[in-house]
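Trainee: Okay, here's what each chain looks like letter by letter:
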Amino acid sequence: MERKASEMGMNRTGIRVHPVKSRETVEGSEKFAPDIPGDASVIAKQRQDFAREAGNLGTVPPPNLKGMAKAAMDLLKGGRATVLVDKLGQRAGFERTGTRLYELALSKLDVFGTWDGGPSREQLEKIRRDELSHFALVKRTLEKLGADPTALTPAAELQANMSEGVPRMLADPHVNLLQSLEGLLTAELVDNASWELLIELARELGHQELAEDFQRALDVEQEHLALVRAWIAAGTKLEARVGEEAAGAPA
Amino acid sequence: MALDLFKEKGVPLDRQRFTWKDLTRRMISKLDDDAFTRVRVILMNGIESESVRFSHACARMNRELREPLALIRRVEHFQQTLVNWLNPGNQSPLETTLGYEQTAIEVTASVAQHEPDPYLAQTYRFGMLEDFDHLYRYSALYDRLCGKDPNTITQSYTDIIPGRLTAIEHRHPLDDVRRPYEARTAAPITRLNALTIVSAENQVHTYYMNIGPSFTDPVARQLYAEIAAIEEQHVTQYESLCDPGESWLEKWLLHEANEVYNYYSCLRSETNPRIKEVWQRFTDYELGHLHYVMELFQRLEGRDPAEVLPRELPEPIGYHSHREFVRKVLMNEEGLSAKGTGFVPRAEEAERTLLYRQQLNSEGSPSAIASAGYRWRPGTELAEEAERVSTLAEGRIQ
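Line by line, the protein sequences give chains H and U. Oh and the first sequence: position 246 is 246 in my numbering, straight run, nothing missing. Remember, my numbering sits 251 above the position in the second sequence when you count from 1.
Read the hints as simulated data drawn from the structure, not as lab findings. Some hints here could point you the wrong way.
Computed list of lysine to any residue pairs in SDA-like fashion (alpha-carbon distance at most 20 Å, straight line) [as the list claims (entries may be wrong)]:
id	chain 1	residue 1	chain 2	residue 2
1	H	K31	H	R47
2	U	K272	H	K144
3	H	K126	U	E632
4	H	K144	U	R266
5	U	K272	H	R47
My request is simple: use the sequences and hints to build the entire structure.
Mentor: Rendered as C-alpha cells:
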C-alpha cells in the first residue's frame with residue numbers, strides 16, 4: 001500500500017493560507033496590549049512553588065530478604081541498592097514496551113512494505129525477541145536481588161510517561177512504516193543511554209558480573225540503534241528522489 | 252459509631268470556601284497509595300458529578316428552586332474539582348479506566364450484598380458481571396498496547412478474568428429499563444444504593460465518551476466506543492430503579508443524604524491521612540447542604556425530612572476485595588440476560604435484542620479483538636513468553 005510521508009496537499013495550519021485574515025489577526029494582537037504584566041517566568045515561579053510542596057512520585061518496594069541466598073545479599077551490598085532496583089525496574093518496563101513497539105512496527109511492515117535499505121520482517125522479529133530477552137534478563141536479575149520484578153518503580157514510571165508518545169504514534173493508522181521508525185529511534189536512543197548508565201551503576205556498586213551481562217545487552221541495543229538509523233536514512237533519501245530514481249521508495 | 256443525620260449540622264454553606272491552590276494541590280500516588288484510595292476518589296468524583304448534573308436538571312424544571320440550587324451547586328462543583336484533581340497527572344487515561352472498572356466492580360459488589368430488595372440486588376449483580384468483563388478487556392488492551400501490567404493499578408484486589416462477554420452485553424434499549432423501587436416502602440439504603448450506582452455508571456459513560464477519541468489506536472477507539480455503549484445501557488438500567496414518583500425536592504434531599512453517606516463511607520475506610528482530611532471536610536460540607544435542603548423540604552413541601560431520611564446512616568460501603576462474592580456470582584449468573592424489566596437465561600432473550608446485537612457486531616467485536624487469547628500474568632502476558640526464552644551469553648534468544 002502506498003502512502004507517502006511527505007505528500008504535497010491542502011495543509012491549512014500556516015499563516016499564509018489566509019493572507020487577509022492573518023493580517024487582521026496580527027494587527028489585532030498588536031493593537032491590544034497584554035492586561036497582566038510579566039512574562040513566562042511567572043509560570044516557572046508557580047511550578048517551583050508546587051515542586052517544593054509535592055511529595056515524590058512513589059517509592060521502591062523493599063526486597064524480600066527472607067530466605068535470600070548469600071549471593072543475593074552480596075548483590076545488595078555497597079551503596080543504595082534501591083537505586084539499582086529502581087533502574088532495573090525501569091529497564092524491565094521499557095524492554096516490555098519495546099517488545100510491543102516492534103509488534104506495532106511489524107504491522108506497519110505488513111501494510112506498507114519496505115524499501116531498499118529498509119527493515120525486513122526477519123530483522124524486526126529478531127529485535128522484538130532481543131527486547132523480550134532483555135526483559136527476561138532484567139527480570140531474573142531483580143529476582144536474584146530479592147526484588148519484585150512486577151513492581152512499577154519510580155524510574156520505570158518516569159520513562160514510561162516520557163515515552164508514552166511512541167506506542168501512541170506507532171498505533172496510529174495514519175502513520176506509515178518509515179514514519180513509525182522515528183518512534184523506534186527515540187526508544188532505541190533512550191534504551192542505549194539507559195543500559196550505559198546501568199552498566200556504570202553496576203560497576204560503581206561493585207557488581208562486575210552484572211555489568212558484563214548488561215554490556216552484552218548494550219552491544220545488542222547498539223546494533224538496533226545503528227539499524228534503525230540506517231533504515232530511516234535510506235528511506236528518507238529515497239523518498240526525496242523523483243522519477244526513476246525513486247523506484248523502491250517507502251510507501 | 253453511626254452518624255446522626257439530624258443532630259450533625261456540619262459546616263454552614265457560607266463557610267464552605269476554596270482557593271485555586273487548595274483545589275489542585277493534593278494528589279494521590281499511583282505507585283504508593285492503596286488501590287482503594289483511588290477507588291474512593293473515582294467514586295466520589297462520580298457522586299459529585301451526579302450532584303451537579305441533577306442540580307442543573309432540577310433548576311431547569313423548578314422556578315422556585317433555581318437560586319438555592321445555584322448556591323449549593325457551586326460548592327458541589329468545587330468539591331468535584333478537588334476530588335477529581337486528586338488523580339495524579341502521571342495516571343494515564345487507560346490507567347484511570349482500569350481504576351473506573353475496579354470501582355464499578357468493588358463498589359457494586361458491596362452494594363449488591365447490602366441491598367435488602369432482592370430485585371435491586373439482582374440488578375446490581377447483573378451489571379457488576381458486565382463491568383467485571385470490561386476490566387479484563389481493557390487490561391488486555393493495556394498490556395498489549397503498552398506492555399504494561401494492569402495489576403499495578405488494581406493491586407491484586409480484583410480478578411482480571413473474563414466476565415459476561417462484552418460482545419453479548421449489547422441489548423435492545425427496551426431490555427435495559429428496570430422496575431423502580433416504591434419510594435413509600437423502600438428502605439432508605441435502597442434509595443441511596445440506586446443513586447450511588449447510577450452516579451458511578453454515569454461518570455464512566457461520560458469519561459469514555461470524552462477520552463475514547465483521544466486514542467490513536469483503532470482497537471482502543473473501537474473498544475471505548477463499544478464499552479461506552481454498555482455504560483449507556485447501565486445508566487439506563489440504574490436510573491430506572493429510582494422511583495419517578497419522588498418529587499424534585501425529595502430527590503434533591505436524597506442526593507444530599509447520599510453525598511453524606513458516601514463521604515462518610517470513605518472517611519471510615521481511608522488509609523491515607525491527607526486524603527482522609529478531604530473526606531472529613533466534605534462530610535461536614537455535605538451535612539451543611541443536607542440541613543439546608545431539609546429546611547427547604549419542610550418549608551416548601553410541608554413534609555418532615557424524617558419521612559425520607561434514616562436517622563442514622565446505614566452501614567458504610569465496604570472498600571475491600573469482593574473476590575469470592577464476584578466469583579460466586581460469575582459462576583451462577585454469567586448466563587443471564589435481560590428481557591423487559593426481568594432477568595432471563597440467555598436462551599430466552601428477546602428477538603429485538605438479538606437483532607440489535609447482531610447488527611452492532613456484524614463488522615466484528617472490538618472487545619473480542621482486543622482480548623483474543625489473553626491471560627493476565629504477573630508482569631504482563633509477555634512475562635510468560637520471557638520465561639520460556641533462554642538468553643544466550645550475548646543477551647540474544649536461542
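Trainee: Hint by hint, note whether the structure agrees.
Mentor: To see whether the hints hold, each was checked on the structure:
For the suggested pair K31(H) and R47(H), the alpha carbons sit about 31 Å apart, so the restraint of at most 20 Å is broken. A threshold of 20 Å between alpha carbons decides the hint, and for K272(U) with K144(H) the separation of about 45 Å lies outside it, so the pair is violated. Annotation: proposed proximity of K126(H) to E632(U) holds, straight-line Cα distance about 19 Å (limit 20 Å). Distance check on the hinted pair: K144(H) and R266(U) sit about 57 Å apart at the alpha-carbon level, beyond 20 Å; violated.
Between K272(U) and R47(H) the CA atoms are separated by roughly 12 Å; this keeps the pair inside 20 Å, and the hint holds.
Consistency note: the structure conflicts with the earlier hints numbered 1, 2, 4.
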